[in-house]
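Trainee: Sequence:
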Amino acid sequence: MTVLHYSVAQYPLISFWSSCQQKCYPSSDWNQPAVFTFVSKTDQRVTENQFLPVSHNKKSSVEKEPSPSLSFRVGLISGAFAGAIVDFVLFPLDTLKTRLQVRQGVAWSTLLFRGIYRGLGPAVAASAPAGAAFFGTYDFTKHITSQWLSEPYQVLGHMLSAIAGDVAGSTVRVPFEVVKQNLQAGIFSSSRQAVSHIIQREGIVGLYRGWLSLILREIPFDIIEFPLYEYLKKQWRRRRNGAALETWQSATCGSIAGAVAAAFTTPLDVAKTRLMLQNSPYRGIASTILRIAKEEGIPCLFSGIVPRVLWIGLGGAIFFGSFETCKQWLLISSNDVDIPSSLT
Numbered sequence: 001m002t003v004l005h006y007s008v009a010q011y012p013l014i015s016f017w018s019s020c021q022q023k024c025y026p027s028s029d030w031n032q033p034a035v036f037t038f039v040s041k042t043d044q045r046v047t048e049n050q051f052l053p054v055s056h057n058k059k060s061s062v063e064k065e066p067s068p069s070l071s072f073r074v075g076l077i078s079g080a081f082a083g084a085i086v087d088f089v090l091f092p093l094d095t096l097k098t099r100l101q102v103r104q105g106v107a108w109s110t111l112l113f114r115g116i117y118r119g120l121g122p123a124v125a126a127s128a129p130a131g132a133a134f135f136g137t138y139d140f141t142k143h144i145t146s147q148w149l150s151e152p153y154q155v156l157g158h159m160l161s162a163i164a165g166d167v168a169g170s171t172v173r174v175p176f177e178v179v180k181q182n183l184q185a186g187i188f189s190s191s192r193q194a195v196s197h198i199i200q201r202e203g204i205v206g207l208y209r210g211w212l213s214l215i216l217r218e219i220p221f222d223i224i225e226f227p228l229y230e231y232l233k234k235q236w237r238r239r240r241n242g243a244a245l246e247t248w249q250s251a252t253c254g255s256i257a258g259a260v261a262a263a264f265t266t267p268l269d270v271a272k273t274r275l276m277l278q279n280s281p282y283r284g285i286a287s288t289i290l291r292i293a294k295e296e297g298i299p300c301l302f303s304g305i306v307p308r309v310l311w312i313g314l315g316g317a318i319f320f321g322s323f324e325t326c327k328q329w330l331l332i333s334s335n336d337v338d339i340p341s342s343l344t
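Per our numbering, residue 1 is the first one in the sequence shown, and the count goes up by one each step.
I should point out that these hints are in silico values taken from the structure, not numbers from a laboratory.
Beta carbons are placed, not taken as given, at the ideal position from N, Cα and C, and that holds for glycine.
Treat the hints with care, since some could be wrong.
[Unchecked claim] Derived DEER-like restraints, expressed as beta-carbon distance ranges: (1) E296 / L149: 39 to 45 Å; (2) Y117 / T171: 23 to 29 Å; (3) L212 / F88: 26 to 32 Å; (4) F264 / I204: 48 to 54 Å.
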């Protein structure tokens, strides 16, 4: 910040200031030499060569909050951008996790790494619209709840925002997820074959197989991940005296939050995978978890936990780093809007 100090005791007062001083300030303010501060345009957005008394120095303009519609659009674009990047980069770990959860045995283990990118098409096709639906809804709901809830209750707003985002995002993602996991497991050789077979056998409803289990997995995951992510960001900003976080710092917060949430929700993810790929033996997420625990043992409920934690931990770093960078760029580009701390 560029600062120039001028002491009025050293320079003659201009006539205009002399005529205004008693009207604007109490006479007691003038017992000591007044000090003026010039603040650069880039820091406080004041016009060039504007001088302000230090004792009355405030922002020259009110910090503008993004409108709900702007928050929605920014979340939409940022979520689509980040979702596409993370799915493309970390797809092999997702494939490995799915195969570990579906089948066990030595014969199957020899096929774990074959066709590791099979199903990438549906994943990338789903990531942009699903990410857009989730984060558009999440940021919009977060913007609304932040205006109605006081500071101690902001975590409830983050939870509600995550739930709303899950419903929107999962509705878009599930058909792609069903096709993707069928390809990853080697059940079908192409997306067209998978879609054709599922619709012929079960109708359109078959493409939404496991929708409820996905919602029931995503909601616990996100009410752990997002409040934790927001909390970590808040604490880190506090250590930086309120300064906005760098990209790598947001990425670190996202990685930690994602890894913790992934570990706790692995049994739900195992049940979701079984329901999507092996519909006939399983009915409902609770009965699936109980059946796996009874027939295969409790450790099987944590099948694929290592690649899942790695995948989501790394994905959290890439996703949130990309998301926050894109979001800040869009907010700054949109009519030069300041970025409030509630949206960073």
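Trainee: If a hint holds in the structure, say so; if it does not, say that too.
Mentor: For each hint, the structure was consulted:
1. For E296 paired with L149, a C-beta distance near 43 Å keeps the hint of 39 to 45 Å intact.
2. The supplied range of 23 to 29 Å is met by Y117 and T171, whose beta-carbon atoms lie about 26 Å from each other.
3. Distance hint check: the CB atoms of L212 and F88 are about 28 Å apart, consistent with the given range 26 to 32 Å.
4. Between F264 and I204 the beta carbon distance is about 33 Å. The supplied range of 48 to 54 Å is therefore violated.
The earlier numbered hint that this structure contradicts is number 4, and it is the only one.
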